[in-house]
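Chains as they are written, first to last, in this note's numbering: chain E, 1 to 310; chain U, 311 to 588.
Treat the hints as calculated values from the structure; they're not laboratory data.
Everything numeric in this text was worked out from a predicted model, so none of it was measured.
There's no promise every hint is true.
[Said to hold, decoys possible] If we take Cβ atoms under 10 Å as the criterion, some of the chain U residues that face chain E in the derived model are:
| hint | residue |
| --- | --- |
| 1 | VAL514 |
| 2 | ALA549 |
| 3 | ILE553 |
| 4 | SER554 |
[What the hints assert, rightly or not] Pairs of lysine to any residue residues, derived as SDA-like cross-links and limited to a Cα-Cα distance of at most 20 Å, are as follows:
| hint | chain 1 | residue 1 | chain 2 | residue 2 |
| --- | --- | --- | --- | --- |
| 5 | U | LYS346 | E | ILE149 |
| 6 | U | LYS365 | U | HIS577 |
| 7 | E | LYS302 | U | LYS405 |
| 8 | E | LYS124 | U | VAL331 |
Where a beta carbon is used, it is the ideal one built from N, C-alpha and C, also for glycine.
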Amino acid sequence: MMEKLNTMVSTSSCSILAETQKRFKLSGEQFIEKILMLCAAISILAILLITLFIFSRGIPVILKTGLGNFLLNLEWAPTSGNFGIGAMFVGSLVVTFTALLWAVPLGLMTSIFMAEIAPPRIDKILGSLLELLAGIPSVVYGFFGLIVIVPFIREYLGGNGLSVLAGAIILGIMILPTIINISRDSIKAVPREYKEGSLALGATHYQTISRVLLPAARSGIITAIILGMGRAIGETMAVVMVTGNAAILPGNILSPVRTMTSNIVLEMGYATGDHQAALFATGTVLFILIVLLNFIANLASKAGRVNESN
Amino acid sequence: MKATNRLEKIINLCFWLSASVIAGIFIIIIGYIAVKGFSVVNLDFIFTAPTRAGKEGGISTTIIGTVYLTAVALLFAVPLGVSTAIYLEEYARRKSRFARLVNLTAETLAGIPSIIFGLFGFVFFVIFLNLGWSILSGGMTLAIMILPTITRTAQEAILNVPHEYRENSLALGASKWQTISKITIPSAAPGIITGIILSIGRVVGETAAIILTAGSSLGMPLSLSDPVRTMAVHLYILALEGISLERAFGTAFVIVILIIIINYMAHLSLRRLSHLSS
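Isolated chain E (complex conformation) (with noise of 0.2 Å):
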């Protein structure tokens, strides 16, 4: 297959290069704009490459496997040949779900406050804060994990620490950024007769905000989420560092649990062979469902501008 990718490359490399030259002559305008659109091409060809690199590893493992045997089966034990990625699969889940859990109502809440509530000042002091926020790396909040949040629990709640919650809490602290911006963003878009409306019929600030504000907004709101929870199974530093990665379904949220990307990050470092191709097989299940998420939210977001060109 390499071979064949060679020869790929160098053949259309030349018909490139004739091609360049033969615009050389025709004028140098024209030339830019190929070489232009040519730079233009490479993130098509990134995406078609990394697509191509990632699937074409872990795709046989999968159809070896079984795609039902390799999302479901709850062993995980490479050297052993048993590649399942069950409990991670869960594992990337729960501690999704848990992290949304108490960041959406948070977030939301925050938003609203920024967007109809807040003085000017404080909008502007909490938007920069946030920007922040979203400009800390994940290693640095999973450090912060390990050192505040892991020793917390162990001493409080029971357990030794490393756990779904804490990789909640942590997970959850990420997203909220992204929650917050969009929600915050979209009910600023709700156009203001809505509101204005609303409020000479009468209605309260609340309830103006409950019902019409937050429902014209809604498809930003559901955009924010969806992307928020892209953005924490994806997560995968700050994820390892907190959570304990035993390869086992959590009983509960005080037990260990290991993510999808966390498998790979761990095991990538001495994985070969098959084990090496399981886990570009979880990259590539791991990679659908972003993709699968994206778009969601894309078609979300383009559903809310429809509405509001109505």
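With the hints as your guide, set chain U onto chain E.
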């Protein structure tokens, strides 16, 4: 009436409370790392090389590793991203299939988690192109990661350049490319720079993609084919393997300070941008 009044007050309180929780979380995280890290960080910490796997010494080689990776990533991503933006905004018809496809892929790239880029960089640059764990592999992987940010910000910046600028230049007899290179790009520079600053922030904080493509060697890198360890990877290894908590705090503090500075610079250049366009 009184009952609704009291209810409104309680609801109002809840809103203020949730915003305070957000601010509180932020202050606790930054404050904790600042307090614990401040006493560790001094010039010695920054300028000496780590010894005994990071148990002793400073973080100089990881700072250099971070700088090299950032430089290589920008070297690839900035020309590509800016060219893409120029093509999309100045040449391509907005609704053309090619332009829509490029926009769609840039959007998709932006949503892919860094561990996937790491996997790709590992199998493509490290193994397929046989570049090994190296600055080159890591830098090119990061370049693909930051490409959407550079492209998007450059697109917006170019879009914001007033049409009269281009028309005046063309009317004076300049060619399309002369207009772009002498007028449009210089006018869009602040926006492009904002994108570059934001991308630097992303590279400084990145861990998952780097650990799979650039390795985690603590040595001083001498060429582009040497493996490196960045500050973020260093922090990860120090903390997870329990090598030195003290030095982990120091490293975290340096990273956070850098991110704050980068954020502030992005803010400044954005403000300059809005001044220019108004």
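Comparing the hints with the structure gives:
With a least beta-carbon distance of about 7 Å to chain E, the hint placing VAL514(U) at the interface is held under the 10 Å criterion. Proximity of ALA549(U) to chain E holds as hinted, the smallest CB-CB distance being about 5 Å (cut-off 10 Å). With a least beta-carbon distance of about 13 Å to chain E, the hint placing ILE553(U) at the interface is violated under the 10 Å criterion. The beta carbon of SER554(U) is not positioned within 10 Å of any beta carbon in chain E (closest approach about 13 Å), and the interface hint is therefore violated.
At most 20 Å may separate the alpha-carbon atoms for a hinted pair to count; LYS346(U) and ILE149(E) meet this at roughly 16 Å. For the hint pairing LYS365(U) with HIS577(U), the CA-to-CA distance comes to about 36 Å; that exceeds 20 Å, so the pair is violated. With a CA separation close to 17 Å, the supplied pair LYS302(E) and LYS405(U) stays within the 20 Å bound. For the hint pairing LYS124(E) with VAL331(U), the CA-to-CA distance comes to about 16 Å; that is within 20 Å, so the pair holds.
Hint violations for this structure: numbers 3, 4, 6, all remaining hints satisfied.
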